[in-house]
Each structure stands twice: as structure tokens, then as C-alpha cells.
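Sequences listed follow chains Z and G, in order. No gaps in the numbering here: position 25 of the first sequence is 28 in our numbering, and each next residue is one more. No gaps in the numbering here: position 161 of the second sequence is 165 in our numbering, and each next residue is one more.
Just so you know, these hints were derived from the structure itself, not from any lab. C-beta: ideal position from N, C-alpha, C; glycine also. Errors might be hidden in some of the hints.
What the hints assert, rightly or not - If you want the ones that stay clear, here's a sample from chain Z, every Cβ over 10 Å from chain G, calculated:
hint: 1; residue: Tyr5
hint: 2; residue: Ile10
hint: 3; residue: Lys11
hint: 4; residue: Leu15
hint: 5; residue: Val22
hint: 6; residue: Arg31
hint: 7; residue: Phe43
hint: 8; residue: Ile49
hint: 9; residue: Asn56
hint: 10; residue: Gly135
hint: 11; residue: Pro136
Unchecked claim - Among the chain G residues that face chain Z by a calculated CB cut under 8 Å, a handful are:
hint: 12; residue: Ser17
hint: 13; residue: Trp19
hint: 14; residue: Glu46
hint: 15; residue: Gly100
hint: 16; residue: Pro111
hint: 17; residue: Pro123
hint: 18; residue: Cys125
hint: 19; residue: Lys146
hint: 20; residue: His153
Single-letter residue listing:
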Amino acid sequence: MYLLSKIKETILSLKAGRVTLTYPVDPRPVPERFRGRPVFQPDKCIGCAGCANNCPAREILIADPCQEMRVVMYLGRRCTYCGRCADLCPEKAIVMSREYENASPKITDIRQNLEIWMGTCQRCGRCFKDAGPLDQLMMKGYRFDDLSAELWVYKSKDYLDGEPVVKDIDIELD
Amino acid sequence: MLKDFLKKYFGRSLWVYHCNSGGCNGCDIEVVNVLTPYYDVERFGIKLVGSPRHADVMLCQGPAGRATAPALKRAYEAVPEPKLVFAIGSCACGGGLWHDTYNVIGPIEKVIPVHFYIPGCPPRPEAIIYGVALALGAVEKKAVPTEYHPVKFPIVRYHPEDIHVENGWATYDKLEKV
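Just chain Z, with the same shape it has in the complex (with noise of 0.2 Å):
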């Protein structure tokens, strides 16, 4: 009984073959609805920043060195390709790409800039006023960033001893 058992196992097991996938030799295609990097495509971009808005991980950050420039800013490090930002840009301009080989040696080789060309208002030049208090409390997204301070940056660091390996990752602004 022992011994048909062993047989057994041995015949489905071979029935099986190989299964072993040849990976790093061939390329392995991805399901259909497989979501990979986010690609910005920035002639489609309007610079309304919902993406910034609504990042669930805050990894698309948005930046206005001067009233004709917006600079959009997709680091990718966290990035969990949730998809919302494609879902929800008006102008469809954020893909979800089929890319899932994104490994490398430096985490900024995943970022993406943007710099959009806004126009502005050349009446008066200031239509938005700046929000008041009450109004901080309801922003969210890239309003509440204040990327002059790095606010957007987690100050909890001085729980380990010692300097930490790796400061904390500076945006580059021009």
C-alpha cells in the first residue's frame, strides 16, 4: 500500500512536466488589467492637479516657482498604482502603463517631472486670494503642502540613535 502510494505520487508528478518558467530569458506578459507605472504624458496635462489631490500616498507633489509654471512632480517611491489618479484626470492624460520591471539602484529613477505651461490672468493677476485659517482646516492634497518648508516630509526621525543612514530625500527645485 505504502509502495502504490509512492507510485502514485510518482506518476503525477511526472504527469505535470515541467512548469518552471524561463522569466529572465523570455519576457512574461502581464494579465489584461494589470496596472503598472503611471506615465504622465505632458501634452496632455492641463495642470489641475486632482492627481496631487487625491494621491492616497501623497507621491505626486506640485510646485509653483513662479505664476506661468507649474512643476509636476511624481517621485513613485511609494507609489501602490492604485490608478486613481489616471481614473480620475480630466484630460486622460495619466496612463497606467503595463511596465512592471522598475528595479533599480537609484529610487529617482522612477520619478517624473513636469513643467506646465499655465496661463495666467493678465488683468489683474490675482483672482485667487490666499486661504484664510478657516479655510486651511478644509484643504487637503497639494494646498497643504508647503514645499518652501518641506512640510510634506515626516519629522520622526529622532527615535533612532545615532544620524540616520539616509537624510531625508530633498526635492530639487530650480
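Position chain G relative to chain Z; hints supplied.
Same frame as chain Z, but now just chain G:
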């Protein structure tokens, strides 16, 4: 330079130690999936070991938490030199979705140095194999940072301090920078 270093010191079998410092176990399942017969990485000589003292490579998942960061540091120090650290998943690469909570310090690179990043939530098993193969120099790197600069619109501004008065005529110097 890194490639030569890797070829010199990691030319033979890599023994990996997999270390979770507060993740959701999604990346752990994908790492274990890599070791199954479908994505058999033992054909490359990659073997999972139970102790950091036996390992060459640390596969780290999960963010550095307030409680787990000292343990992560101890595990890193227990790995004998030379050692490689892989950050697998968005938690280890960037701190994860809960990067700003009170008990998360941030990405593991705040605690230990990281040599390779594999983003994804969780990364596919192929992505993990790709990252390890990239470290071994078997495949080409695909990730490149993209930047987009539109056509530059030079706006000429004139300032009173740039006025030169010569022979009764006031002339401006054009500024290149805005």
C-alpha cells in the same frame, strides 16, 4: 563600478534572508512565490536561509517602524560583510501608504543603507527576479527618470538699476534671466 564589485563578491550562490519590519505580508508572499517551482530561483543558486548570519543578501519588506527599526538595524549588522540590501515593495522603498503615521519612521533607507529598490505594491514575482537579475548583471536596467521641459518662453524684464544714461539717452540692458 557596482557591477564589478557585485561580480567579484557575489559571483557565486546568493543566500538571502528575508526580513519584514512591519509590512502587510503581501510582499512576503511574493518573495515566497519566487521560491516555488514556477519561478524557481534556486536554479540561480538563490537560497532562503533562516538566520541573518548565514546570509549575503537581505530582502527587506515593510517600512521602518518605531518599534521594529532597532531590530532591523540589529539584523543588518548581523549579516556578514559584504552584504546587499534589497528594498522590496513601496513600504520599504518610500514608507508606504501610512508614511505619516506616528509609528512609522519612513523608508528603510533611513535605518540601513539600501542598494537596490524594487517598487510595487506588491511587486510581481517577475519584478523581484528582475531586480535580483539586475544586481547580478544578467539584464539591462529599464527605469529611467523622465523630465519634460516645454518650449522656453523668454520674458524680458527691465529694471531701473539697469538703465544707463549716455549722452542724454537712457538705454536698458536686456536681462537674459527672468
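Hints, verified against the model:
For Tyr5/Z, the non-interface assignment is confirmed: its Cβ lies about 25 Å from the closest Cβ of chain G, beyond the 10 Å cut-off. With a minimum CB-CB distance of about 21 Å to chain G, Ile10/Z clears the 10 Å threshold, and the non-interface call stands. No Cβ of chain G comes within 10 Å of the Cβ of Lys11/Z; the nearest lies about 19 Å off, and the non-interface call holds. Interface exclusion of Leu15/Z from chain G stands, the closest Cβ pair being 14 Å apart, more than 10 Å.
The beta carbon of Val22/Z sits about 6 Å from the closest Cβ of chain G, which is not more than 10 Å, so the claim that it is off the interface is violated. Its beta-carbon lying about 5 Å from the closest one in chain G, Arg31/Z breaks the requirement of being farther than 10 Å from that chain. A cut-off of 10 Å between C-beta atoms contradicts the statement that Phe43/Z is not in contact with chain G; the least separation is 8 Å. Listed as outside the interface, Ile49/Z is consistent with that label: its C-beta sits roughly 13 Å from the nearest C-beta of chain G, beyond the 10 Å cut-off.
Every C-beta of chain G lies more than 10 Å from that of Asn56/Z, the closest at about 16 Å, which supports listing it as non-interface. The Cβ of Gly135/Z sits about 25 Å from the closest Cβ of chain G, beyond the 10 Å cut-off, so the non-interface label holds. For Pro136/Z, the shortest C-beta to C-beta distance to chain G comes to about 22 Å, beyond the 10 Å cut-off, and the non-interface label holds. Residue-level restraint check for Ser17/G is violated (minimum Cβ-Cβ distance to chain Z is 16 Å; threshold 8 Å).
With a least beta-carbon distance of about 19 Å to chain Z, the hint placing Trp19/G at the interface is violated under the 8 Å criterion. Nearest Cβ of chain Z to the Cβ of Glu46/G: about 10 Å, over the 8 Å cut. The hint is violated. Given hint, Gly100/G at the interface with chain Z, holds; its Cβ is 6 Å from that chain's nearest Cβ, closer than 8 Å. This hint holds: Pro111/G has a C-beta 7 Å from the nearest C-beta of chain Z, less than the 8 Å allowed.
Of the supplied interface hints, the one on Pro123/G holds, with its beta-carbon coming within about 5 Å of a beta-carbon of chain Z, less than 8 Å. Nearest Cβ of chain Z to the Cβ of Cys125/G: about 4 Å, under the 8 Å cut. The hint holds. Against a cut-off of 8 Å between C-beta atoms, the interface hint on Lys146/G holds, since the closest Cβ of chain Z lies about 5 Å away. With a cut of 8 Å, the hint placing His153/G at the interface with chain Z holds, because the nearest CB-to-CB distance is about 5 Å.
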